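Chemist: Sequence:
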Amino acid sequence: MAFNMGFSKSALSGKAPLPANWYHFRLTGFQPKIAGQNKDSISLNPQIEVVGNPDDTLYSSKVFENLNTKAGWIIQDLVHACGLQMVEVQDGNQGTEAAQFTMPGFWANADQFPDEPEKWEYQGQMTNATFEAETYINEYNGRKSAKIRQYKCAVPGCQERHSTNLAG
Numbered sequence: 059m060a061f062n063m064g065f066s067k068s069a070l071s072g073k074a075p076l077p078a079n080w081y082h083f084r085l086t087g088f089q090p091k092i093a094g095q096n097k098d099s100i101s102l103n104p105q106i107e108v109v110g111n112p113d114d115t116l117y118s119s120k121v122f123e124n125l126n127t128k129a130g131w132i133i134q135d136l137v138h139a140c141g142l143q144m145v146e147v148q149d150g151n152q153g154t155e156a157a158q159f160t161m162p163g164f165w166a167n168a169d170q171f172p173d174e175p176e177k178w179e180y181q182g183q184m185t186n187a188t189f190e191a192e193t194y195i196n197e198y199n200g201r202k203s204a205k206i207r208q209y210k211c212a213v214p215g216c217q218e219r220h221s222t223n224l225a226g
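Per our numbering, the sequence shown starts with residue 59, numbered consecutively.
Quick caveat, the hints were computed from the structure, so don't treat them as lab data.
Any given hint could turn out to be false.
Listed below are the simulated PhoX-like cross-link pairs for lysine-lysine, each with C-alpha atoms no more than 20 Å apart in a straight line [unchecked claim]: (1) 73 / 202; (2) 120 / 91; (3) 177 / 97; (4) 177 / 205; (5) 202 / 128; (6) 97 / 73; (7) 73 / 120; (8) 73 / 210; (9) 73 / 128; (10) 120 / 205; (11) 177 / 91; (12) 210 / 91; (13) 202 / 97.
As the structure is a prediction and not an experimental result, all values here were calculated from the model.
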């Protein structure tokens with residue numbers, strides 16, 4: 059039997075992005091890569107999928123984000139959306155203005171391959187954590203995709219100021 063190797067234009071474009079709305083998501087992991095023109099930051103590339111996609115035959119279940127290490131406030135928004143707190147780095151500056159904070163958990167292989175984040179593997183409480191976020195439709199080079207507009211903080215009594223429009 060001969061197989062048809064031709065595809066319609068709609069088959070080549072994939073599923074439509076999720077409509078702009080609030081959804082429940084699951085963070086299944088990260089795929090970090092070096093970023094920036096000067097290769098001076100890391101895009102964490104969180105792997106985000108909708109929990110209970112309203113119609114996965116029509117809409118993609120995945121939302122793609124970069125989550126760059128130069129945008130700590132957005133990383134904090136995601137951590138808080140997962141109901142977790144940022145962790146103070148134990149480097150002698152704890153409790154001072156010079157204190158540094160990081161995501162909970164750790165990056166396996168980061169010590170072994172410090173310049174190759176593609177080989178790192180996140181291990182921590184954020185893996186498979188669920189959260190709520192609002193999406194918007196982004197158009198770039200004629201292609202539409204769902205992006206995160208804002209994360210909903212799930213930390214009880216949180217007093218931090220969170221972003222309400224990551225679209226720009």
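Chemist: Hint by hint, say whether it matches the structure.
Modeler: Hints and how they fare:
no. : hint      : result
1   : 73 / 202  : holds (10 Å)
2   : 120 / 91  : holds (19 Å)
3   : 177 / 97  : holds (16 Å)
4   : 177 / 205 : violated (26 Å)
5   : 202 / 128 : violated (25 Å)
6   : 97 / 73   : violated (32 Å)
7   : 73 / 120  : holds (10 Å)
8   : 73 / 210  : violated (26 Å)
9   : 73 / 128  : violated (31 Å)
10  : 120 / 205 : holds (10 Å)
11  : 177 / 91  : holds (9 Å)
12  : 210 / 91  : violated (26 Å)
13  : 202 / 97  : violated (27 Å)
Hint compliance for this structure: hints 4, 5, 6, 8, 9, 12 and 13 are not met, and every other hint is.
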